[in-house]
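Residue 87 in full-length UniProt numbering sits at position 87 of the sequence shown, and the numbers go up by one each step.
No incorrect hints appear here.
Computed cross-link-like contacts, DSBU-like style, restricted to lysine-lysine with a CA-CA straight-line distance of at most 30 angstroms:
#, residue 1, residue 2
1, K399, K409
2, K366, K379
3, K399, K379
If you are wondering where the hints come from, they were derived from the structure by calculation, not from laboratory data.
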Amino acid sequence: MARVAVAVSATAWAAAAAAGVASAPSVSAGGAAAASAAPPPAAAPVQPQTFMLDNGLTVIVQVDRRAPTAVQMLWLRVGAMDETDAEAGVAHVLEHMMFKGTPSVPEGEFSRRMAALGGSDNAFTARDMTAYFVQLPAAQLPEAMRLEADRFAHNAWSDEAFRRERAVVQEERRQRIEEEPQAQLYEQFMAVAWTAHPYRRPIIGWMGHLQALQAETVRDFYRRWYVPGNAALVVVGDVDPPQVRAWAQATFGAVPARALPPRQPDAEPPQRGPRRVEWRGRTQQPHMLMGWRVPRLAHPDADDEQARDALALVLLAGVLDGHSAARLERALVQGQGGTRLADAVAAAYGLAGRGPELFLLSATPKAGVAVEALEAALKAEIARVARDGVTEAELQRVKNQWMANEVYKLDSTFAQARELGTHWVLGWPLDAQRRILERLQTIGAADVQRVAQRYFRDEGLTVGVLRPEAGS
1 MARVAVAVSA TAWAAAAAAG VASAPSVSAG GAAAASAAPP PAAAPVQPQT
51 FMLDNGLTVI VQVDRRAPTA VQMLWLRVGA MDETDAEAGV AHVLEHMMFK
101 GTPSVPEGEF SRRMAALGGS DNAFTARDMT AYFVQLPAAQ LPEAMRLEAD
151 RFAHNAWSDE AFRRERAVVQ EERRQRIEEE PQAQLYEQFM AVAWTAHPYR
201 RPIIGWMGHL QALQAETVRD FYRRWYVPGN AALVVVGDVD PPQVRAWAQA
251 TFGAVPARAL PPRQPDAEPP QRGPRRVEWR GRTQQPHMLM GWRVPRLAHP
301 DADDEQARDA LALVLLAGVL DGHSAARLER ALVQGQGGTR LADAVAAAYG
351 LAGRGPELFL LSATPKAGVA VEALEAALKA EIARVARDGV TEAELQRVKN
401 QWMANEVYKL DSTFAQAREL GTHWVLGWPL DAQRRILERL QTIGAADVQR
451 VAQRYFRDEG LTVGVLRPEA GS
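All chains should be modelled from the sequences, with the hints used to inform the complete structure.
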């Protein structure tokens with residue numbers, strides 16, 4: 001079976017992300033309809049249970065008995081940010097190679113066996129993490145766990161298999177990046193926004209790095225980072241936690257413990273002025289990105305000024321974008337009270353990650369509108385919040401939307417597993433989302449106005465502009 005391995009960007013709303021799955025948590029407001037009132041509280045779910053195997057691997061189990069199914073996800077606290085410059089793209093290539101066999105499971109057999117169990121499997125790579133998942137009947141979980149533990153401990157493939165799959169990744173890059181002008185812009189934008197931190201590199205890697213990448217480099221990355229103390233097995237569904245623990249001990253528990261290498265991501269120096277990048281591509285319409293350096297939420301229980309600012313930025317993103325009555329949509333796309341300047345606009349803020357954060361705006365100008373005019377209009381909307389503030393009704397709409405999303409998420413075992421795994425990667429408590437929701441209720445209009453005044457200055461701004469190339 002052909003694999004569809006995915007490289008994920010934390011800002012998945014941007015067309016530039018070489019991904020089909022968004023890494024979480026991410027506040028990407030575009031398109032979701034806000035609730036008009038707070039939804040009724042859901043019945044309290046059974047709390048997840050956490051076990052630590054003797055070799056250091058974490059097991060997280062969430063019981064959900066609404067259907068006789070289960071989701072199994074293996075999370076690795078390693079992603080593109082853990083690569084060196086010479087290894088750019090290795091984390092994603094290794095994700096592909098994990099489907100290429102073990103001494104006991106030939107190439108291509110892993111997914112065939114999962115399908116025979118009634119399951120579907122895939123994986124994704126992000127800046128901060130890598131995850132492998134399968135959805136299947138709960139009764140088949142022991143065999144799925146055995147297969148996952150086998151490839152986690154014994155991944156093996158030939159140099160020829162690596163060369164074939166490297167060509168697949170190069171083609172993936174061609175289709176998702178090099179043939180997509182907005183994706184090319186995003187890639188160049190990130191390379192300018194960050195000068196030292198690994199976030200400056202694309203998750204999928206630069207084409208030159210992929211062409212020169214050697215099999216032993218990928219094997220070395222696997223040996224360094226795919227160790228029990230750097231992994232968590234998350235199981236959500238119609239299961240019994242003690243039984244899952246026993247299965248995990250019998251499979252993953254047999255993997256020897258190994259030491260993790262030190263993590264040494266490059267510290268990003270302060271930005272002392274605006275940065276700009278222009279890119280010419282085969283496009284009929286210009287496009288632009290604007291990003292300001294802002295703080296991230298280090299922990300859901302943090303109660304310092306930076307944490308309050310991070311939560312206020314969440315609400316600001318929702319006020320600007322997320323529904324047809326949001327400020328950017330009304331002012332720039334609908335043209336209420338003035339002239340319509342944009343065909344599309346979006347705001348996004350990642351809130352949390354292992355590295356630094358940006359508050360992002362993206363926009364496509366209406367035909368005949370200069371990019372410079374749209375940039376000025378976007379800045380003016382932020383300035384209006386800084387000057388006049390926001391209403392309590394706007395804030396409540398955003399808070400209600402978050403509450404609704406939390407309730408609806410419980411309908412999906414996959415969404416539950418992804419949230420639990422993400423929280424583990426970040427080193428957060430497993431109920432971090434509940435804590436964040438509670439903290440958001442304490443953030444008011446004055447907080448949102450304060451962050452609009454504090455962070456949206458040209459000294460911390462990066463602008464990327466895509467323009468049609470000659471003859472487009």
